[in-house]
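Using the sequences and the accompanying hints, generate a full structural model.
One line per chain: the protein sequences are A and B, in this order.
Mapping to the working numbering: the first sequence position 10 is 10, numbers consecutive.
Mapping to the working numbering: the second sequence position 89 is 170, numbers consecutive.
Hints are computed from structural coordinates only; laboratory data are not their basis.
Quick caveat, the model's predicted, so the values are computed rather than measured.
Mixed in with the good hints, there may be bad ones.
In silico lysine to aspartate or glutamate, DMTMM-like type, Cα no more than 20 Å apart, as pairs [said to hold, decoys possible]:
#	chain 1	residue 1	chain 2	residue 2
1	A	Lys76	B	Glu89
2	A	Lys43	B	Glu222
3	A	Lys76	B	Asp90
4	B	Lys232	B	Glu222
5	A	Lys43	B	Glu180
6	B	Lys175	A	Glu46
7	B	Lys175	A	Glu7
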Amino acid sequence: MLPSECETALQQLDAYRRGELPPDEMQSMRDHLEACRRCFSYKKHEEAFLDRLVTAARNARCPEELRSTVYQMIAKESRGN
Amino acid sequence: MTAAAVFEDEALPHLDTLYRVALRLTGEPAAAEDLVQDTMLRALRAWSSFRPGSNARAWLVTILRNQFINGWRSRKRAPTGIDMDSIPEPPDLKDPDPEGRFFNELVDEEVLQAVDELPDEFREVLVLSDMEGLPYADIAESLGIPVGTVKSRLFRARRILQGRLRRYAESTGLITPPETPE
Numbered sequence: 001m002l003p004s005e006c007e008t009a010l011q012q013l014d015a016y017r018r019g020e021l022p023p024d025e026m027q028s029m030r031d032h033l034e035a036c037r038r039c040f041s042y043k044k045h046e047e048a049f050l051d052r053l054v055t056a057a058r059n060a061r062c063p064e065e066l067r068s069t070v071y072q073m074i075a076k077e078s079r080g081n
Numbered sequence: 082m083t084a085a086a087v088f089e090d091e092a093l094p095h096l097d098t099l100y101r102v103a104l105r106l107t108g109e110p111a112a113a114e115d116l117v118q119d120t121m122l123r124a125l126r127a128w129s130s131f132r133p134g135s136n137a138r139a140w141l142v143t144i145l146r147n148q149f150i151n152g153w154r155s156r157k158r159a160p161t162g163i164d165m166d167s168i169p170e171p172p173d174l175k176d177p178d179p180e181g182r183f184f185n186e187l188v189d190e191e192v193l194q195a196v197d198e199l200p201d202e203f204r205e206v207l208v209l210s211d212m213e214g215l216p217y218a219d220i221a222e223s224l225g226i227p228v229g230t231v232k233s234r235l236f237r238a239r240r241i242l243q244g245r246l247r248r249y250a251e252s253t254g255l256i257t258p259p260e261t262p263e
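What follows is the structure, given as structure tokens:
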């Protein structure tokens with residue numbers, strides 16, 4: 001069972017990472033993360049996970065052939081109108 | 082400027098996002114390409130209904146998802162079942178690698194395969210939020226669900242995926258599983 005301040009920190013971590021908490025709650029979160037090794041470690045874990053997802057996603061790009069097909073489709077549609 | 086030219090300016094910068102989302106929804110490149118083409122054609126024909134100044138990426142993703150549900154989902158492989166009771170807890174300091182350094186040791190294919198194996202409702206929110214960076218409100222609108230549901234699905238999706246990646250990392254020796262007491 002986690003202490004209640006850790007429960008709160010875990011629930012608010014996403015909003016904290018996005019900078020969406022009110023200023024006083026941002027500060028409380030910073031204070032808690034400095035004092036609580038478990039929550040700090042958890043934050044690092046979430047960041048490592050999310051960074052890895054973004055990298056895996058960004059390495060896939062729309063194939064050039066598909067891009068050309070879409071351009072041609074737009075040209076054809078606009079000629080038809 | 083013609084409507085087609087405006088469409089090109091607004092919509093084409095999002096082709097990478099659309100292709101990636103389509104790839105994760107359909108699970109195969111050829112189907113993803115077809116889905117993106119269908120989406121762009123439908124979007125072009127519906128362009129007059131786009132509100133200038135609103136989020137074109139979210140608008141396009143909504144069309145893509147609707148196309149997927151209406152014509153594609155039934156063709157997709159059967160979803161992988163999830164035992165909701167088996168959603169793991171977040172790691173604590175006693176776990177090996179509690180800061181998740183092993184995530185960086187995994188290759189893209191391993192990460193993406195685990196994403197593809199998530200059930201549709203979890204995969205959708207994870208892809209749109211954590212891989213493509215769409216705001217919760219836009220995801221909620223695209224999927225037709227409340228923001229609170231987006232957040233709860235996202236939480237579960239992350240836990241399931243983290244658990245699977247951690248088990249994979251243990252099975253391949255990237256991290257040592259915790260010792261079980263005799």
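Okay, the hints, checked on the actual structure:
no. : hint                : verdict
1   : A:Lys76 - B:Glu89   : holds (13 Å)
2   : A:Lys43 - B:Glu222  : violated (28 Å)
3   : A:Lys76 - B:Asp90   : holds (17 Å)
4   : B:Lys232 - B:Glu222 : holds (13 Å)
5   : A:Lys43 - B:Glu180  : holds (8 Å)
6   : B:Lys175 - A:Glu46  : holds (17 Å)
7   : B:Lys175 - A:Glu7   : holds (18 Å)
The structure shown violates just one earlier hint, number 2.
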